[in-house]
Amino acid sequence: MKELFFADNKPVSVFHRLDPRGKIIGIFAFVVLVATLESPPALVLSLGLVLGLNLAAKIPATYLCRRLAWLVPFAGFLVVVFPFITPGQPVFTLTLPFAVLTASDAGLHKAVVLLLRMTNALTALVFLTTATSFPQLLHGFQALKVPPLLLQLVEFTVRYLFIIQQELRRMLLARRARGFTAGRNFLHRHTLETLGQLVGVLFIRAYERSDRIHQAMLARGYPGEPRPERLSRWQKADLCWSVAVITVAVGLKLADTGGDLWLMLWK
Amino acid sequence: MHIPDGFLDAKTWVAASLISAATVSYAAKKTREVLSDRQIPRLAVMAAFIFAAQMVNFPVAGGTSGHLIGAALAAITFGPWSAVLIMSTVLIIQCLFFQDGGLTALGANILLMGITAPFIAHWVYHLFVSPGAGRSRMFAGTFAAAWCSTFVASMVCALLLAVSGTVIATVGFPAMAFWHAIIGIGEGVITALVLAYLTQVRGELVFENAKV
Chain A
1 MKELFFADNK PVSVFHRLDP RGKIIGIFAF VVLVATLESP PALVLSLGLV
51 LGLNLAAKIP ATYLCRRLAW LVPFAGFLVV VFPFITPGQP VFTLTLPFAV
101 LTASDAGLHK AVVLLLRMTN ALTALVFLTT ATSFPQLLHG FQALKVPPLL
151 LQLVEFTVRY LFIIQQELRR MLLARRARGF TAGRNFLHRH TLETLGQLVG
201 VLFIRAYERS DRIHQAMLAR GYPGEPRPER LSRWQKADLC WSVAVITVAV
251 GLKLADTGGD LWLMLWK
Chain B
1 MHIPDGFLDA KTWVAASLIS AATVSYAAKK TREVLSDRQI PRLAVMAAFI
51 FAAQMVNFPV AGGTSGHLIG AALAAITFGP WSAVLIMSTV LIIQCLFFQD
101 GGLTALGANI LLMGITAPFI AHWVYHLFVS PGAGRSRMFA GTFAAAWCST
151 FVASMVCALL LAVSGTVIAT VGFPAMAFWH AIIGIGEGVI TALVLAYLTQ
201 VRGELVFENA KV
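If you're matching them up, the sequences are chains A and B in order.
End of the first sequence = 267 in our numbering, gap-free, step of one.
End of the second sequence = 212 in our numbering, gap-free, step of one.
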């Protein structure tokens with residue numbers, strides 16, 4: 001994950017060079033519209049388009065898969081659960097030792113639609129965050145009037161995220177070296193006490209680190225406010241790109257809502 | 001509890017986003033008054049801490065595990081308004097870079113874990129624990145605060161999903177209530193143990209910051 005934030009992002013494709021504002025607006029509009037699509041064909045089509053976009057931006061497939069894989073535990077759970085909790089026409093029944101579960105057609109449909117929406121949105125976000133370097137992305141948000149305090153917090157948090165995680169990993173390793181094994185449930189008192197102390201020590205270390213960081217910042221002449229960053233002017237290509245992405249998304253939405261109507265006319 | 005994209009309908013996520021945006025900007029104003037220029041490194045490193053703390057799994061039962069949300073811990077140690085900023089920062093980073101929670105659902109996720117959870121924790125904690133309370137009372141108060149924050153946030157989550165027509169209320173509420181009543185015990189016990197440890201070794205650190 002580190003390379004996402006700290007890599008020396010050379011513009012490997014034409015998409016990397018686009019204005020961050022345009023990419024943010026375009027992708028946000030795309031996600032907003034695609035997250036409301038109802039029909040699986042429209043969703044599959046948009047997934048194809050957004051995958052194509054990732055391909056065109058020369059984002060490695062392995063990297064894309066690795067980031068989308070984070071979705072698996074949650075999505076898998078939903079796909080398994082949704083058919084059984086949504087009322088509708090029964091499709092098939094599962095007989096388990098403790099219960100009989102009936103899957104409904106509406107539930108299966110819903111599971112597929114939700115899964116596709118999620119995958120669409122995530123693939124679009126992978127494109128945005130990979131084809132735009134982290135500082136560029138922050139400048140883009142700043143130019144779009146996101147409160148600077150929030151952006152600064154995000155920037156600083158990302159900077160210390162991996163340090164605190166490393167600290168945690170070291171502590172977990174040390175805990176293992178001392179022969180700690182976790183209990184099986186939360187009635188295991190020793191496990192919980194160790195966990196509480198682990199998180200407590202991490203808290204104190206993070207807290208004290210923040211003081212040192214603040215002093216170091218002051219020593220280097222931190223003015224207390226970030227210096228505003230200027231982005232270059234919008235180019236024609238940026239505008240065209242954003243308009244194109246939004247047009248495609250609106251087109252998909254229209255095809256989606258009009259789908260039934262067109263089917264009726266055809267009949 | 002992170003809601004992904006596509007699970008909320010437009011009216012729900014727009015409403016949730018507006019509430020969250022207003023609350024977060026008010027929190028920014030409120031925290032600025034108290035923490036001055038130290039706030040940015042302080043809040044950011046603590047957000048990184050919450051991020052890491054969420055990676056620590058605790059065993060629940062039968063081999064399953066849960067992880068901390070950390071909202072109660074942040075609210076009790078830094079006050080609810082700073083906790084709003086800390087949790088929102090964590091949620092924004094998770095949404096943009098870690099595929100955890102959707103972009104359209106970001107406002108809703110902030111509403112659940114960044115606003116509801118810290119404020120419930122703050123209120124419940126101060127209902128139980130008055131200044132100068134004994135250690136066992138503090139322990140119980142922290143447990144109750146963390147449990148309630150998890151439970152109430154999960155109920156708001158079920159509400160949003162029901163209003164959107166994604167999960168019908170008769171299924172969503174009992175399922176979320178059952179699971180988070182259990183997970184909440186882990187959150188409660190660990191938060192209480194962390195607080196007990198902190199007050200033991202660095203008492204001033206807990207009480208000095210919780211003024212906001």
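There could be a bad hint or two in this list.
As the list claims (entries may be wrong) - To be clear about the criterion: a stretch of chain B counts as covered by chain A if any three or more of its residues have a C-beta under 8 Å from a C-beta of chain A, and this derived list gives those stretches:
#1 115-126
#2 131-142
#3 147-158
#4 163-176
Claimed, not checked - Once the Cα atoms are required to be at most 30 Å apart in a straight line, the calculated DSBU-like pairs of lysine-lysine come out as:
#5 A:LYS58 - A:LYS236
#6 B:LYS29 - B:LYS11
#7 B:LYS30 - B:LYS11
#8 A:LYS236 - B:LYS30
#9 A:LYS253 - A:LYS58
#10 B:LYS11 - A:LYS253
#11 A:LYS236 - A:LYS145
#12 A:LYS236 - B:LYS11
#13 B:LYS29 - A:LYS145
Unchecked claim - Not the full set, but computed from the structure, chain A residues with beta-carbon under 10 Å of chain B:
#14 ILE25
#15 ASN54
#16 LEU55
FYI, nobody ran anything at the bench for these hints, they're computed from the structure.
The beta carbon of each residue, even a glycine, is placed where N, CA and C say it ideally should be.
Evaluation of the provided hints:
1. 115-126: Coverage by chain A is violated for the segment 115-126 of chain B (0 residues, Cβ < 8 Å).
2. 131-142: violated (count 0)
3. 147-158: Contact hint for the segment 147-158 of chain B vs chain A: violated, 0 residues under 8 Å.
4. 163-176: holds (count 5)
5. A:LYS58 - A:LYS236: holds, 22 Å
6. B:LYS29 - B:LYS11: Holds, because 28 Å separates the two Cα atoms, which is no more than 30 Å.
7. B:LYS30 - B:LYS11: holds, 29 Å
8. A:LYS236 - B:LYS30: violated, 41 Å
9. A:LYS253 - A:LYS58: holds, 27 Å
10. B:LYS11 - A:LYS253: The hint holds at about 17 Å.
11. A:LYS236 - A:LYS145: holds, 22 Å
12. A:LYS236 - B:LYS11: violated, 34 Å
13. B:LYS29 - A:LYS145: holds, 16 Å
14. ILE25: Constraint on ILE25 (chain A) not satisfied, violated at 13 Å.
15. ASN54: violated, 14 Å
16. LEU55: This interface hint is violated because 19 Å lies over the 10 Å limit.
When held up to the earlier numbered hints, the structure conflicts with 1, 2, 3, 8, 12, 14, 15 and 16 and fits the remainder.
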